[in-house]
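Taking the hints as your guide, dock the two standalone chains into a single complex.
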Amino acid sequence: MGETAAILAEVFVDTIAYWWIIVPTIFLGLIVGGIPGFSAANTIIILMPLTLAMTLESGLIFMVTLYSSARMGAGIPAILVNIPGTAGAAATPLDGYPMAKAGKGQQALAISFVASSIGGLLTTIVALMTMPILARVGFYMHSVEMIVVMLFGISLIASIAAQDMLKGLIAGFLGLMIGSIGTDVVYATPRGTFGFLELYDGVPLIPALVGLFAVSEAFIIIEKKVIISEDAEPKNPNWHDTFEGVRMALARWWHIVWTSLIGLIIGVIPGAGASIASFVAYQQSRTLSKTPEKYGTGHAEGLIAPESANNGVTSGTLVPLLVLGIPGGATAAIMLVVMQFHGVSFGPSLFENQPKVGYGMFMAMAVAYLLMFLTILPLSRYMSHVTTIPTIYLAPMIISFTLVGGFVPREYMFDMYLALGFGVLGYIARRTGYHVAAILIGVILGPLLERYFLLALKKSDGDVMTLFSSNLGNALWVALALSLILPSVFDWRRKRKELLGR
Amino acid sequence: MARDDMKRPRQLGGELVIPVLAVAFTLYFFSTIWNSPWTAQVSAFLVGGILLAFCAIFAARCVIWMRAGGASLGFGNLVSRDDITTGRVGLLICTVGYTVLIDRLGFTLTTFLFLFLSMIILAKGRRPGFITAISAAMAFGGWAVFIWAFDTRFPRGWFETTMQAVLANG
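Residue numbers (numbering that gives the first Met the number 0), protein chains in the order written: chain Z, 0 to 501; chain B, 0 to 169.
This is chain B alone, in the form it adopts within the complex (with noise of 0.2 Å):
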C-alpha cells in the first residue's frame, strides 16, 4: 500500500487551490486600493506582492515537477469518493442548512434537527433513537444554559419564544 502511494503522482490540483484563491483575493484587494491614499496601500503592496511571488515561484515548482512525470494535476488529495461514503458531503449540506435556517427556525429546533439528521447520516441510519435522544438533549441543554440562563442573544425562534412566555406565566 504505502509503495503504491510513492508510485502514484503527486496531485497538484488540490494543492494549487489555496495558491490560486490567494492570487484571485490579492489582485482584488490591489483593485480596492488602487487609487487610496498611501496608508491604505503600503502594508497591502508589501504583503500581497510578497504572496504573489511565493505562489508564482509555487506555480513554477509545479510545472517543474509535472514536466519531470512526478506530479498530475489532480485533486485527488481534496477531493474524493470517500466523502460520499464517510458521509462529509452529507454533513457540509446539513451544516449550510444549519447557518441558512438558524436564523429562521431559532437556536434550539435547528441545532436538533442539525444534530440528528447529521448524525444519522454519518451513523448510516444506525441507532436513530439513541441519536434522537442525544440531539435532544444537547438542543434543549443549549438552550438551557445560554438562552435560559445566560440569556444570550442567540437566534430565537418559535420554540424560544413559546418557552419564554411559558416560563414568564409560570
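Bound conformation, chain Z alone (with noise of 0.2 Å):
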C-alpha cells in the first residue's frame, strides 16, 4: 500500500511537469469535442503519426487528456446553441440548453465544468482506488443485464414525452425504427436500408445528430434575431454568473457524485459508452428529484446529471483497457494500439511490471480534470458571447460545418445527404411539437437493444423467459420497474398532499 502511494506520488508529479503538452491539448480537445464528428478518437487517428513518434508518456498523456476534454467540450455547443459535439452530450441540451435561451447560459457552462471537472476527477480516484472490483462488472453484464441497462436508457422516452405522451412515444419508437435500419446481427439480412449499401452499417450516429440537432436548430434560430430569449433580462457577461454557476454545482455536490458513479459503471461495461450513461443518469436524476416537473425548463440537476455521467465513463473506459486489454470504446481502442506499439502488455501484470504506466493514465486523466477546471472555467464568461451573435451570421455557420462533420467520420458524401434528410425530420418535429431528443434516443440505443436482445434470445433457443434468468438481471428489473412507477406514486402523493393542504 504504502508502495503503490509512493508510485502514485511520483507519477503524479511526472505528470504535472507535461502540464505543456497537457494544457495546449485541452483546448485541441474542447475544438474537437465541440464540432459534431470531429471526435477524440478521429482526432487522434490523424494525429497517430505524432502520438507514436512521443515517447511513450507523452503519447498516453495527450490521449488521455484529449479524450477527457473532447468530452468536456461536447457539452459546450449542446448548451449554447442546443448541438451536442458528440452522442454523449445529446442530454445535455435537454436542460442546458434552456438556461442558455433565458440568459444563463455562462452559469449553465461553469455548472457543466464544475460537473464535469469533479465527475471526471472523482471516478478517476474511485477507479483507481477499486480497479479490481470495477473489472470484474464486465464479467457480471451479459446479454439480459444490457438489456435492462438499455432500458433504463429509453425509459427517459417517457419522461421527456411526459408534456404529450402519445406524441412523445411516437418519436422515440419511430427512433427506434430508424435505429433498426441496417443488417441484423446474426444472419446480416438488409433491412429497411432503400437499396442503399451505406446503410448496411445501420445509421451512422453523427449524421443523425448532425441533421436532428444542428441542422433543425438553425433553421428554427432564424425567427429570432440572438439564441438568448427576448425575455431574458439583457446583461453583460460578468464574474459573478460564473461564481453563481460554480455555487450551484457545488451546491449539489452529491448529485454529481452519484450521477458520475452511474458514468463510471457504465463506462466499465465494454460497449456500453457515453450516451447510454447519460440517458441512464439524467432519468434516474429526474426520477429521484423531488421537482422532477422543473426537468427540461433548464433545472440545474438536469444538466449536472449528463455530463457528470459522461465524464464518468472515461475513467470507466480505462478500467477494462489496462486491467483486460479489453479496449471499452473507439477511443481506448486507439490507445490500445498506440501502447502496443511502444510494447506495453496488459493485464494485471502491467501494474506490477510497468506500474508508472498503468496508475500513470489513471494520473494523466486526474491532473488533466483539475488543469482543465483551472483553465476552462474562466473562459465561460466568454463563450456565452455565443447566445448574442445575430442568428443570421450564426445559423448558415452551424449549417455548413456541422453538415461537413456529418461527411468526416466515413467519409461518404451519403452521409451529408443523411444528415440534411435528418435535419428536414428535425425540424418538422419541433414544428410540430415531436421531441428530436426522444427520435434520437431511439437511433442510438435501438440497434444496441436489438443486438443484446437477439443474442439472449439466440443463446437460450428463443426462449423468452431467459431475460428474468439471472439474478442480477432480475434485480436490474425491479430497479427499473420501481424507476418507472416511483415518479407517479410521487406525483400522485404530491398532489394528493396539496388538494388536503388546500
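What the hints contain is simulated information worked out from the structure, not anything from laboratory work. Everything numeric in this text was worked out from a predicted model, so none of it was measured. Heads up, some of the hints might be wrong.
Below, simulated SDA-like cross-link-like pairs (lysine to any residue); rule was C-alpha separation at most 25 Å, straight line [unchecked claim]:
1. 224/Z with 41/B
2. 223/Z with 31/B
3. 223/Z with 34/B
4. 224/Z with 116/B
5. 223/Z with 122/B
6. 224/Z with 132/B
7. 457/Z with 35/B
8. 293/Z with 283/Z
9. 224/Z with 129/B
10. 457/Z with 95/B
11. 224/Z with 131/B
12. 224/Z with 35/B
13. 223/Z with 95/B
14. 458/Z with 33/B
15. 457/Z with 122/B
16. 224/Z with 126/B
17. 224/Z with 82/B
18. 123/B with 385/Z
19. 223/Z with 45/B
20. 223/Z with 83/B
21. 224/Z with 135/B
22. 224/Z with 33/B
23. 457/Z with 31/B
24. 223/Z with 91/B
25. 458/Z with 45/B
26. 123/B with 222/Z
27. 123/B with 220/Z
28. 223/Z with 79/B
29. 224/Z with 31/B
30. 457/Z with 123/B
31. 224/Z with 89/B
32. 224/Z with 80/B
33. 458/Z with 41/B
34. 458/Z with 44/B
35. 223/Z with 84/B
36. 457/Z with 38/B
37. 224/Z with 128/B
38. 224/Z with 88/B
Here it is in C-alpha cells:
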C-alpha cells in the first residue's frame, strides 16, 4: 500500500511536469469535442503518426487529455446552441439550452464545467482505488443485464414525452425503427435500407445527430435575432455569473457524485458508452428528484446529471483496457494500438511490471481534469457570447460546419445527404411538437437493444423467459420497474397533499 | 393575441406528418423483412407493431378533436408565409445546393458561396461587404484548420488542389 502510494505520488509529479502538453491538448480537445464528427477518436487517428513518434508517457498523456477534454467540449455547443458535439452529450441540451435561452448560458457552462471536472476527477480516483472490483463488472453484465440497462436509457423517452405522451412515444418508437435499419446481427439480412449500401452498417450516428439537432435548430433560430430569449434580462457577461454557476454546482455535490458513479459503472462495461450513461443518469436524476416537473425547463440538476455521467465514463473506459486489455470504446481501442506499439503488455501484470504506465494513465486523467477546471472555467464568461451572435450569421455557419462534420467519420457524401434528410425530419418534428431528443434516443439505443435482445434469444434457443433468468438481471428489472412507477406514486402523493392542504 | 391563438382551431395537418411518415416507413420496413429469418424480424415487428398502434391512436384522437370542432387539417404550424419572409426557404435551397455542389467544387469554395448567399438572403441584402469578409474568413479558416493543419479528408476541389500545389512548391 505504501509502495503504491509512493508510485502514485511520483507519477503525479511526473504528470504535472507535462503541463505543456496537457494545456494545449485541453484546448484542442474542446474544439474537436465541440464540432460534431470531430471526436477524440478521429483526432487521435489523424494525429497517430505524432503520437507514435512521442515517448510512451507523452503519447499517453496527450491521448488521455484529448479524450477527457473532448468529452467536456461536447457539452459547450449543446448548452449554447442546442447542438451536442457527440452522442454522449445528447442529454445535455435538455436543460442546458433552456438555461442559455433564458440568458443563463454562462451559469450553465460553469455548472457543466464543474460537474464534468469533479465527476471526471472523482471517478478517476474511485477507479484507481477499486480497479480489481470494477474490472469484474464486465464479466457479470451479459446480454440480459445489458437489455435492462438499455431500457433504463430508453425509458427517458417517456419522461421527455410528459407534455404529450402519445407524440413522445411516436417520436421515440420512430427513432427505434430508424435505428433498426441495416443488417440484422445474426444472418446479416439487410432491412429497410432503401437499397443503399451505405446503410447496411446501420444509420450512422453523427449524421443523425447533426441533422436532428444542428440543421433543424439552425432553421428554427432564424426566427429570432439572437439565441437568447427576448424575455431574458439583457446583461453583460460578468464574473458573478460564473461564480453563481460554480456555487449552484457545488451546492449539488451529492448529485455530481452519484451520477458520475453511474457513468463510471457504465463506462466499465465494454460496448456501453457515454450516450447510454448520460441518458440513464438524466432519467434516474429526474426519477429521484423532488421537483421532476422542473426538468427540461433549465434545471441545474438536469444539466449536472448527463455532464458528470459522461465524464465518469472516461475513467471507467480505462479499467477494462488496462486490467483486461479489452477496449471499452473507439478511443480506448486506439490507445490500445499505441500502447501495444510501445510494447506495453496488458492485464494485472501491467501494474506490477510497468506501474508508471498503468497508474500514469489514471493520473494523467486526474491532472487533466484538474487543469481543465482551472483553465476552462474563466472562459465561460467569453464563450457565452455565442448566444448573442445574430442568427443571420450563426445559422449558416452551424449548417456548413456541422454538415461537413457529418461527412468526416465515414467520408461518404451519402452521410451529408443523410444529415440533411434528418435535418428536415428534425425541423418537421420541432415545428409540430415532437421531441427530437426522443427520436435520437431511439436511433442510438435501438440497435444496441436489438443486438443484446437477439443474443439473449439466440443463447436460449428463443426462450423469452431467459430475460428473467439471472439474479442480477432480475434485480435490475425490479429497479427499472420502480424507477418507472415511483415518479407516478410521488406525483400522486404530492397532488393529494396539495389537495388536502387546500 | 393570446386570445386569438386560443380561439384558432389546432392545426393537425402538420402534426400528422410525422405519424404518416412513421406508418409509411414501418410498412416499407416490414416489406423488406417479410421473407427474412426470425432474427431479422422479431425486434422490428415488435417495435413497428407498437409504433403503428400509437399512430392509429393518434389518428383516432385527431378525428375526435376535429369532430368536436377544436381542430382542423391545416398546416399552419409547419409552413407559413413567414418561411419566405424570414429567408427560411432561401436557406433551405442554399443548403441543398451546398450538399450537392461540395463534392464538385470542394469544401472551401462551396462553403464561401453557401455562407455568402445564405447570409445575404437572411440579412435581406444588408451589409454585403461585412458578409463577404466573414464568409471568406470562415471558409479560409476552415481550410487552414481542417485541410491544411489536420489533413482531414474534406471534399476537395480546384482551390484545395491549387493551394496544395502552391504549398508543396514553396
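Please verify whether residue 224/Z and residue 89/B have alpha carbons no more than 25 Å apart. holds (17 Å)
Pairwise hint evaluation, residue 31/B against residue 224/Z, where the allowed Cα distance is 25 Å at most: Given that 25 Å is the threshold and the Cα spacing comes to 46 Å, the pair is violated.
With a cut-off of 25 Å on the C-alpha distance, tell me whether residue 223/Z and residue 45/B pass. Cα-Cα ~42 Å, so violated.
With a cut-off of 25 Å on the C-alpha distance, tell me whether residue 224/Z and residue 128/B pass. Distance ~20 Å between residue 224/Z and residue 128/B Cα, so the pair holds.
Is the Cα-Cα distance between residue 224/Z and residue 135/B 25 Å or less? holds (23 Å)
Taken at face value, is the distance from the CA of residue 79/B to the CA of residue 223/Z at most 25 Å? Judged against 25 Å, a Cα distance of about 16 Å means the pair holds.
Compare the distance between the alpha carbons of residue 223/Z and residue 95/B with 25 Å, and conclude whether the hinted pair is satisfied. holds (23 Å)
Keeping to a limit of 25 Å between CA atoms, is the pair of residue 457/Z and residue 123/B held or broken? violated (60 Å)
Within a Cα-Cα threshold of 25 Å, do residue 224/Z and residue 116/B meet the stated pairing? holds (18 Å)
Pair hint outcome, residue 458/Z versus residue 33/B [Cα-Cα no greater than 25 Å]: holds (24 Å)
Does the structure keep residue 223/Z and residue 122/B at a Cα separation of 25 Å or less? Given that 25 Å is the threshold and the Cα spacing comes to 12 Å, the pair holds.
Is the Cα-Cα distance between residue 458/Z and residue 45/B 25 Å or less? holds (20 Å)
In summary, the structure is inconsistent with hints 1, 2, 3, 10, 12, 15, 19, 22, 29 and 30 from the numbered list given earlier, while agreeing with the others.
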